[in-house]
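Trainee: Each chain, letter by letter, is given below.
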Amino acid sequence: DTAVSQTPKYLVTQMGNDKSIKCEQNLGHDTMYWYKQDSKKFLKIMFSYNNKELIINETVPNRFSPKSPDKAHLNLHINSLELGDSAVYFCASSQSGLAGRRLYNEQFFGPGTRLTVL
Amino acid sequence: AQKITQTQPGMFVQEKEAVTLDCTYDTSDQSYGLFWYKQPSSGEMIFLIYQGSYDEQNATEGRYSLNFQKARKSANLVISASQLGDSAMYFCAMSPLVGNFVFGPGTRLSVLP
Numbered sequence: 003d004t005a006v007s008q009t010p011k012y013l014v015t016q017m018g019n020d021k022s023i024k025c026e027q028n029l030g031h032d033t034m035y036w037y038k039q040d041s042k043k044f045l046k047i048m049f050s051y052n053n054k055e056l057i058i059n060e061t062v063p064n065r066f067s068p069k070s071p072d073k074a075h076l077n078l079h080i081n082s083l084e085l086g087d088s089a090v091y092f093c094a095s096s097q098s099g100l101a102g103r104r105l106y107n108e109q110f111f112g113p114g115t116r117l118t119v120l
Numbered sequence: 013a014q015k016i017t018q019t020q021p022g023m024f025v026q027e028k029e030a031v032t033l034d035c036t037y038d039t040s041d042q043s044y045g046l047f048w049y050k051q052p053s054s055g056e057m058i059f060l061i062y063q064g065s066y067d068e069q070n071a072t073e074g075r076y077s078l079n080f081q082k083a084r085k086s087a088n089l090v091i092s093a094s095q096l097g098d099s100a101m102y103f104c105a106m107s108p109l110v111g112n113f114v115f116g117p118g119t120r121l122s123v124l125p
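In order, the protein sequence lines correspond to chains A and B.
Read in order, the letters of the first sequence are residues 3 to 120 in this note's numbering.
Read in order, the letters of the second sequence are residues 13 to 125 in this note's numbering.
Do not take every clue at face value.
Over the 12 angstroms line for every Cβ pair with chain B, so calculated as not near, a few chain A residues [stated by the list, open to error]: (1) Leu13; (2) Gln16; (3) Gly18; (4) Asn19; (5) Thr33; (6) Lys46; (7) Ser50; (8) Glu60; (9) Pro63; (10) Ser67; (11) Asp72; (12) Ser82; (13) Gly86; (14) Ser96; (15) Asn107.
Once the Cα atoms are required to be at most 27 angstroms apart in a straight line, the calculated DSS-like pairs of lysine-lysine come out as [to be verified]: (16) A:Lys42 / B:Lys15; (17) B:Lys82 / A:Lys46; (18) A:Lys11 / B:Lys15; (19) B:Lys28 / A:Lys46; (20) B:Lys15 / A:Lys38; (21) B:Lys85 / A:Lys43; (22) A:Lys24 / B:Lys85; (23) B:Lys85 / A:Lys42; (24) A:Lys24 / A:Lys73.
It is worth saying that the hints were derived from the structure and are not from the lab.
Built from N, CA and C at the ideal position, the CB exists for glycine as well.
Please work from the sequences and hints to get the whole structure.
Mentor: Structure follows, in structure tokens:
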């Protein structure tokens, strides 16, 4: 019954490798997000997708690319991993104001993926 | 650009007492949503409470209430009757009408027995 799920929960890899993190939501939401939480707990939005279209793209390196095969999935691909990419990555979803029960709707978060780059 | 400030990096409260976690925000928008999230040591992000900028009454959800002062641009979270399980990071966040959902830096709350 998990609302927002992410795999894997932990990811340890070497510099220069390419990796992916998968995210799925079963809430029927129309918008999904990726966040990066650094070691100081700062949460920064990286991407959001609404109905399979990228609507927010923060100034993240182009080594990061979101891919959404359908409304329920938003995967994160990272190429040429660097030490500074080590962080916890959260996927989230929400219903946009136009379709939700109110104009601003809370985001539901996945459990997070702890990425460690060695 | 929107910005959230949480001036208390860490707070302590005695079990069963009430505690207020501060949040101020900066926006030129007239319409926006304000949220509080809890992140326990296990890492998950848990939604607590919501306040719309046009809501006339302060939001309440069980032991959580939001002290919303629009003119001062503050949205403080009040936790009544603190419990040991309330020990966690608390994040204030804002959703503008258009653009990013913005989080504050968080406040670490420790509840003492």
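Trainee: Taking the hints in turn, state whether each one holds.
Mentor: These are the hints, each one checked on the structure:
{"no.": "1", "hint": "Leu13", "verdict": "holds (14 angstroms)"}
{"no.": "2", "hint": "Gln16", "verdict": "holds (24 angstroms)"}
{"no.": "3", "hint": "Gly18", "verdict": "holds (27 angstroms)"}
{"no.": "4", "hint": "Asn19", "verdict": "holds (24 angstroms)"}
{"no.": "5", "hint": "Thr33", "verdict": "violated (10 angstroms)"}
{"no.": "6", "hint": "Lys46", "verdict": "violated (8 angstroms)"}
{"no.": "7", "hint": "Ser50", "verdict": "violated (8 angstroms)"}
{"no.": "8", "hint": "Glu60", "verdict": "violated (7 angstroms)"}
{"no.": "9", "hint": "Pro63", "verdict": "holds (18 angstroms)"}
{"no.": "10", "hint": "Ser67", "verdict": "holds (19 angstroms)"}
{"no.": "11", "hint": "Asp72", "verdict": "holds (22 angstroms)"}
{"no.": "12", "hint": "Ser82", "verdict": "holds (26 angstroms)"}
{"no.": "13", "hint": "Gly86", "verdict": "holds (19 angstroms)"}
{"no.": "14", "hint": "Ser96", "verdict": "violated (8 angstroms)"}
{"no.": "15", "hint": "Asn107", "verdict": "violated (8 angstroms)"}
{"no.": "16", "hint": "A:Lys42 / B:Lys15", "verdict": "holds (17 angstroms)"}
{"no.": "17", "hint": "B:Lys82 / A:Lys46", "verdict": "holds (25 angstroms)"}
{"no.": "18", "hint": "A:Lys11 / B:Lys15", "verdict": "violated (30 angstroms)"}
{"no.": "19", "hint": "B:Lys28 / A:Lys46", "verdict": "violated (33 angstroms)"}
{"no.": "20", "hint": "B:Lys15 / A:Lys38", "verdict": "holds (17 angstroms)"}
{"no.": "21", "hint": "B:Lys85 / A:Lys43", "verdict": "holds (24 angstroms)"}
{"no.": "22", "hint": "A:Lys24 / B:Lys85", "verdict": "violated (37 angstroms)"}
{"no.": "23", "hint": "B:Lys85 / A:Lys42", "verdict": "holds (25 angstroms)"}
{"no.": "24", "hint": "A:Lys24 / A:Lys73", "verdict": "holds (13 angstroms)"}
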